[in-house]
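With the hints as constraints, model all of the structure from the sequences given.
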Amino acid sequence: MHELSVALEVCRIAEDYVGREALPRVREIGLAVGRHSGVEAGSLLFCLESLLTQPPFTSARTHMERTAGDELRVLYLEVDDERPAH
1 MHELSVALEV CRIAEDYVGR EALPRVREIG LAVGRHSGVE AGSLLFCLES LLTQPPFTSA
61 RTHMERTAGD ELRVLYLEVD DERPAH
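The opening residue of the sequence shown carries number 1 in our numbering; numbering runs sequentially from there.
If you are wondering where the hints come from, they were derived from the structure by calculation, not from laboratory data. Given the structure is predicted, the values throughout are model-derived calculations rather than measurements. Worth double-checking, as some hints may not be accurate.
Said to hold, decoys possible - Cβ pair distances, simulated, as ranges:
#, residue 1, residue 2, range
1, A68, S43, 18 to 26 angstroms
2, R66, E21, 26 to 34 angstroms
3, G42, G19, 29 to 37 angstroms
Glycine included, each C-beta is placed from N, C-alpha and C at the ideal position.
Encoded structure:
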């Protein structure tokens, strides 16, 4: 199941971007997953949801956009900056 390896890499990308101390503030990770990427979207989502409920992420969500091509990439990271909403 290489989807677990892909999910672990997505978590590593998030950690590299926000730093380990900011991971509890990651609220959502957006992904683009192509229908021809060789990745089973349901399995990847399951793996990510399992990993993102564990420390250090603490309840980050996954948003997955399915595309027609072969892409597989992180689109965005939503981080809670703890500023009041306007």
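Note to self: Hint by hint, where does the structure go against what was stated? Just the numbers, ascending.
What the structure shows: The structure breaks none of the hints.
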